[in-house]
Every structure is written in structure tokens, then in C-alpha cells.
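There are 2 protein chains.
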Amino acid sequence: MSSVPTTVTLEKIVALCKRKGFVYQTAEIYGGLNGVYDFGHLGTLLKQNIRHAWIQSMQKTDHGEILFLEGSILSPHAVWEASGHVSNFHDPMVDCLNCKHRYRADDIDLHKACPHCGNKAWTDIRDFNMMFQTNLGAAADNTSVAYLRPETAQAIYINFKNVASTNRVKMPFGIAQIGKAFRNEITPKQFLFRMREFEQMEMEWFCKPENGLADFEYWCEQRMNFFKTIGIDQTKLRFHVQTPEELAHYSKGCKDVEYHFPFGWKELEGIAYRGDFDLTQHSKHSGKDLAVHDEATKTSYMPHVVESSIGVDRLFLTVLFDAYVEDMVEGEMRVVLKFHPKLAPIKAAFFPLVKKLNEPMHKIYLDMKRKGYMVDFDESGSIGKRYRRQDEMGTPACFTYDFESETDQCVTARNRDTTKQERINIDQISNYLENLLK
Amino acid sequence: MSSVPTTVTLEKIVALCKRKGFVYQTAEIYGGLNGVYDFGHLGTLLKQNIRHAWIQSMQKTDHGEILFLEGSILSPHAVWEASGHVSNFHDPMVDCLNCKHRYRADDIDLHKACPHCGNKAWTDIRDFNMMFQTNLGAAADNTSVAYLRPETAQAIYINFKNVASTNRVKMPFGIAQIGKAFRNEITPKQFLFRMREFEQMEMEWFCKPENGLADFEYWCEQRMNFFKTIGIDQTKLRFHVQTPEELAHYSKGCKDVEYHFPFGWKELEGIAYRGDFDLTQHSKHSGKDLAVHDEATKTSYMPHVVESSIGVDRLFLTVLFDAYVEDMVEGEMRVVLKFHPKLAPIKAAFFPLVKKLNEPMHKIYLDMKRKGYMVDFDESGSIGKRYRRQDEMGTPACFTYDFESETDQCVTARNRDTTKQERINIDQISNYLENLLK
Chain A
0 MSSVPTTVTL EKIVALCKRK GFVYQTAEIY GGLNGVYDFG HLGTLLKQNI
50 RHAWIQSMQK TDHGEILFLE GSILSPHAVW EASGHVSNFH DPMVDCLNCK
100 HRYRADDIDL HKACPHCGNK AWTDIRDFNM MFQTNLGAAA DNTSVAYLRP
150 ETAQAIYINF KNVASTNRVK MPFGIAQIGK AFRNEITPKQ FLFRMREFEQ
200 MEMEWFCKPE NGLADFEYWC EQRMNFFKTI GIDQTKLRFH VQTPEELAHY
250 SKGCKDVEYH FPFGWKELEG IAYRGDFDLT QHSKHSGKDL AVHDEATKTS
300 YMPHVVESSI GVDRLFLTVL FDAYVEDMVE GEMRVVLKFH PKLAPIKAAF
350 FPLVKKLNEP MHKIYLDMKR KGYMVDFDES GSIGKRYRRQ DEMGTPACFT
400 YDFESETDQC VTARNRDTTK QERINIDQIS NYLENLLK
Chain B
0 MSSVPTTVTL EKIVALCKRK GFVYQTAEIY GGLNGVYDFG HLGTLLKQNI
50 RHAWIQSMQK TDHGEILFLE GSILSPHAVW EASGHVSNFH DPMVDCLNCK
100 HRYRADDIDL HKACPHCGNK AWTDIRDFNM MFQTNLGAAA DNTSVAYLRP
150 ETAQAIYINF KNVASTNRVK MPFGIAQIGK AFRNEITPKQ FLFRMREFEQ
200 MEMEWFCKPE NGLADFEYWC EQRMNFFKTI GIDQTKLRFH VQTPEELAHY
250 SKGCKDVEYH FPFGWKELEG IAYRGDFDLT QHSKHSGKDL AVHDEATKTS
300 YMPHVVESSI GVDRLFLTVL FDAYVEDMVE GEMRVVLKFH PKLAPIKAAF
350 FPLVKKLNEP MHKIYLDMKR KGYMVDFDES GSIGKRYRRQ DEMGTPACFT
400 YDFESETDQC VTARNRDTTK QERINIDQIS NYLENLLK
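Chains A and B supply the protein sequences, listed in that same order.
Residue numbering for the first sequence is 0 to 437, as defined by numbering that gives the first Met the number 0.
Residue numbering for the second sequence is 0 to 437, as defined by numbering that gives the first Met the number 0.
Where hints are given, some of them may not hold.
Identical chains share a label here; the pair holds if one copy fits it or two copies do between them.
Using 30 Å as the maximum straight-line C-alpha spacing, the simulated DSS-like pairs for lysine-lysine come out as follows [what the hints assert, rightly or not]:
#1 Lys297 x Lys354
#2 Lys265 x Lys227
#3 Lys160 x Lys362
#4 Lys370 x Lys99
#5 Lys265 x Lys169
#6 Lys362 x Lys337
No wet-lab data here; the hints were simulated from the structure.
Every value quoted in this text rests on a predicted model; they were computed, and no experiment measured them.
Please model the entire structure based on the sequences and the hints provided.
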């Protein structure tokens, strides 16, 4: 096995996702929907594993308690007015006066002609609000306007008091949420990198103002650590510390975890020290006091917030880029996804050497399935071909049942990354997998 | 311990959900959003466990393979035109001519006066389409109309060919999906029973036409079995077999699993033998042939579909109703949620008998947390009070560390359902829990 000097590209990942059924374009048989995707079998399993790893990383923290929340997608005008999204969440937009084609103004050189019709006649640049709007209920008046949330965080802020009081939790604590969010991007791009419908994993940490900076540093370290635990290449990760010019006016500090994509260093996760901006805004707009009472000092204070925010889909894309390897095995080029076994959609594949050995191997496969492992059974083509298929799916282990298996009660276990094979006892298969999954 | 002759009511469940933080109304601090809810810490964990149980029940089937899918919420007009939702998915609506209040026509007696203003002057009954509509992209023309999906099933049908070919799967097989769906109900009601934003777990089973009926019966049995595995009271479950009059025109059979709610027997899950209606519709409308080629007979056929469809939120509500018990313990009335331990949001709680024993018990608690168990630590109030709190949350086991624990390395384990206590070794805590979770 030797690696070949090839590089992963966005095109290779898109093609692999389609070929192996990780991702399909939404409503492809009807021409598709721009910037919106469906996740196939392997994609859904990979996403589930990513979410699980994140939940575990949150749940296991020693620093204090993390509670979970699932807010709704539909949300009323008042929330987004308080958050500033109604007045500020927009992109600059420009139309071609001739063909009416619409562009994001910062995506296009307005000194040049329209790429669509070739004329050069532009409207003024206007603001385009990126929130999807709909109407709730049968009454078609203004009071019924609702938005698809453009981020999950606001559901955490507006439930802060409810969560704190019903769970009898002490400061500091965090509220974590996974869920969909929607942004009406004028020009969605780079596959899963910038989508109109996407999924966020956000955690808002509430603490005393005097602990805000220390807790911000703590979470930066924790979050960078998370990527280690799911096997992301550390040399492709870095912090970008936002400069005072980049920071939002209310922000007290922000570090982006950046990953080295083929199209450059890009934000993967944002960790932001937001001060008391969000809770203060919602206190003002709702008329409800969201301050916390401190028994020790008999005073009230508005908690400070440290936010950790990452996109499931962007992490999904990162994991694919990071796992993608082309190497030479027995003189043949193979594509292999070297996922951390925890993230691998399929944990193991079971092969009968020839079809007449199907029955005993299928029994072993079913047994593993009943134990709750996500496993595959493949009986067609040469064993080498079957290895290649599983390599492309990122399956960490393959087991082959051959003519000797009947007598020695052993199978050949083959490791995805090393391609090394070893003979193991059938009743050791679970242990073999558990060792990989550690 | 003796049971008291009380009955569970919707009001009691709503109050419990609010008190313990299972469910909050969305944007409550802004007056709420009708028919839309947020799930708090315990609610989110319960939902996760319900989803996990369903995924496992699908994944472990011996009958054939179940693949997973996550389709998008946003979907184009063409999909819902083909499915019939654009022309048929509506409720009858009527307005009061005097006060303009709007009602579902079948919810109100039109021979009587308007319950809102007392006048009796109605508009004609009109159809109100229940799909939420929005616009995609910056162009504000008709081509950009998109809908929030009113059900998840269509994403499965339109991806059928993609899923079948990229996963090299043989007929019969199923595609399972969990995800949000949206229906603009004129009058949402009964808490989580009929919501505007809800979550579905749907599985579509694709098979040869000649096996359709047998597979339909197979899945009816399997699905009823599922409710047993999550501990639902079997005497409160029954099948309602749809009569020819109730069946959709294309349907070849439909059984609803009904649960005996305090407000009557209501549908919990629908199992439907849909024939080839859905794939035929999408073949026609998309112009893509969705038929399957049979190698053996060298002919093509349109697979038949058996559907299993259940709402996460409705099952969540069912689980709460089913688990809710009021009984007498030591002369005091207690509320206890007798969840199947698999579904319980918190698996165990750890109590130091007095505060000066906090440290060793907190160490044990952290150790369990690091092992991945969802656990709680409570140091305040009498042990009896702490038991009551955990009973109301449905926590199956509580462990108390007392003055003897230091010397005998044991804790007192207390069972939620029996209230029985036993002394167990600290290193047996994991085993004790694993036995419960079986």
C-alpha cells in the first residue's frame, strides 16, 4: 500500500457522494432545487454519528451541566425583531435591468456586463432579507407572518428562563440544540458548504459576567479538542481570532475554527463571547426580566453568553474531505474514506467467500445486526472488489467466511486503513469492532 | 405503595410537561405561537430515545434491508402537484361575516351563532390548502414557490430510484426517514396531538406486487410489536381496519394502530398498503421511469408500497399518558412516570445523603456521565423529596451515598416502580443500570 500524489477536490467529493448515495439533490427527478439537498442511506448514518459525537462531547463535559433543547423552526416576527434579524440579516442584491437576472452584489463585478445576457445595465444595490417568510393560520393578515428560523440560537435565549427554572440548574450551565435552519441565499455555493436549508449544532453557555472571558477560553479549547476526538487532521485545523474590525458591535471576542478545504481556509465553527447582548435584547423586547438572582450576593445580574456554533452539513463535508484518500493497493488505485470508526456509516461488512457459504455468514451478519451494529452483507464479485466497495463507503472492518471457517470457527478480518488481514474467532467479532470504536 | 383511583387527563399532562420542562410553547415570552412547541431538556431526551427505539426497530428487521434517508423540508411545487397535495390537501373553512373570525367548517355548527361574536352570518364553505408556502431565491416570480413538506413520505418516493441504484439493494427493501413536516391547521388542538409543526417517522416498503398483501400483514404485526418493546400498555392498543369507504381511492388496505387516550381511541400509527399509486404518479409527472427490472423474468414492474407512518410528537404524548401514574407511597400521593427505562430521559440520579458527602458521590456521578449515561445529581432536600422529583421525571433508578458507603463501598439503590431499596456495591452500578435497560 502506498499513497499516490493526488489531491482531493470538491468535484471528487460531489461525485463520490452521488455515486455511493451519501447525498442527492432534492427533487432531482423534477430538475432539483437549488441549494437544497437530501441525504441518502450513508449520508443519513454519517449525520447521525456526527450528531451523536457532538451530543456526547457536550453531555460529558466536567465544567458544568449541559441541558438539551429542541426549538421549533417556525417562529414569530417578534423574536427576529428583537434579535436584529428583521432589520440586519440581509445580503446586497442587484438586478440586470435587461434580463432581470438577480445577483449578490458582492459576488459580481458591476463594472462588467451581465454574465447572463451580456448587457451592462444594473439597478441600484438593494438589501435582500435572507429569512424565509410564510403565513401561519388561515387568517391572511400581517399578524400571521412567521419566519423559518435563520439560526437555532434564538430559541435557546428565549427559553433560557424556562429551562433554568424547570431544571433547577445552577449557574454556569449550557443549553445545547441540534436543528434545521434556513437562509435564502441569493447564490448558494460549494455543495454542502453554503446551503439554503441546513442544520446547526449550537450550544449557548450562560455564566457570571466575571467568568465570561475564562469560560470563553475554556470552550475554545474544548471545541478544538472535539475535532481531535472525531479524527480530523490537526494540521488542517487552526483558530482565526477575529480582529476588532471583524467583531460584531456587541461581541467581546470570537474565534473561528478554520479547516483547510481545497478552496482555502474556511470557517468550520464559531466560538463567540457574546456578553449579555442577546438576553438584554429579549428582556427589552418581551418585557420579561431574564436576569438571574444571585443568592450569595442578593443581587441580580444578566448572565453572559459564550456560544459554540457549527453546521452539521459543513462538518459532514469536512469529515468527507478529511477522510478521502487515494492510495495504491496491490498495484491498483483505490479510493478510501478513512473515517474515524465512530463516524463510519457502516461498521463492518460480512462476505461469504463463495455463494454456497452464504448461509453461515448471513447468520453471523444477522446476529450483529440484532446487536444493534450497522452492518452490510455482500456476496457478489471477488473479495478484492468487495473490499474496494467498502473502502469507498469508509467501512472500517470486513470479515470473510471461507471453506476453513466451518472447521476452525474463524473468519478473516481485514482492516480498512492498513489493509492488513488476520484470522479471528467468530465469537471475537464484537470485541474486534468494540476495539475499533473506542 | 398502593394505587389511587385517579385518572390521567390532558390537563395533568400539559401541566407536568410545563412544570418539569418537557415542553414549552414556542416563543412563550412573546405570547406564544399557536400549534407550535419547543421541547425542553427532558422532552428532547425523551424524543431522542423514541427516535432511537424506532431506528433500532427498523434496522433490526430480519425481513430484508431497511435503508435510511433524510430529505429536505423545502420542496418544489412539482412534487406536491404529482402527489395530489396541491389540489386535494385542504380543509373546509368558513368565516364569520360579522367579526371575520375563521373556523374549520367541520369543527363548528353552522346553524348556531359565531362563538366569538354571537352573530350568525357565515360565508360559504371554501377549501383552505394546508401547505405552508414560501419563496426560494431572490427572484419573486412564480417559479420560486416552494412548500414546507406536509409529510415526509414523498421524499422517499422521489428518491426511490436513486437509493435503489446507489446502494445495490435487492427487492424487497424499505426506506425509513425521520423528519419534520408542517401543516397549516386552521385549529390546532389537544396539545401535541395536532400541531402545525411536527415530526414524522415513516418507512416505505417496496416489494413485488404479488407480495404486497403478505408484506402488509407482516408490517402490521411488526409495528404493533414495536409498541410492546417500548412498554406501551397492550390493553390500550388496538387495530382499526379501515372500511372500503374510509380508504383512499388508490389504497388496497389500511390499518390504524389506535391508542386509548383520555379523549377517546385515536390514531397513533397508520400502516397502509398503497399499491403502486405513488411511484406511478411520480413516473408520470417527472417523465422518469421508476419501474424495476426483474432479472429472473426479464420484465419490468412498478413496485408496490407498504407504508408505516407515525408522529414522533404523538408517540411522545402517548408515552407520557401511558407512563403517568398516581399512587400512594408512605401515605403520600406521588406522581410517577413509569417509562420503559430505554425511553427514560434520565437513567439514574445520584444523591449524597448530606452535603458533606457530596464529593465522593459527585465522583461516581461524573464517572457514569463519562461512560455516556444521561444522569442527574441532586443534593438538596430530604431523600424522600429527591425521590419524588425523580419519579416525576421518570428516572428508573436512584442511588444514595450515606455514612456507611465510605466503609462498605455500597450505595442504596432504589427502584422507581417498586420503590424497593437494596444495598449494592458501587462497582455494580453500571450493571444495575444495564439490567434495567435490557
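Each hint tested on the structure:
no.	hint	in the structure
1	Lys297 x Lys354	between (76 Å within a copy, 22 Å between copies)
2	Lys265 x Lys227	within (18 Å within a copy, 49 Å between copies)
3	Lys160 x Lys362	between (53 Å within a copy, 29 Å between copies)
4	Lys370 x Lys99	neither (58 Å within a copy, 58 Å between copies)
5	Lys265 x Lys169	neither (36 Å within a copy, 41 Å between copies)
6	Lys362 x Lys337	within (28 Å within a copy, 36 Å between copies)
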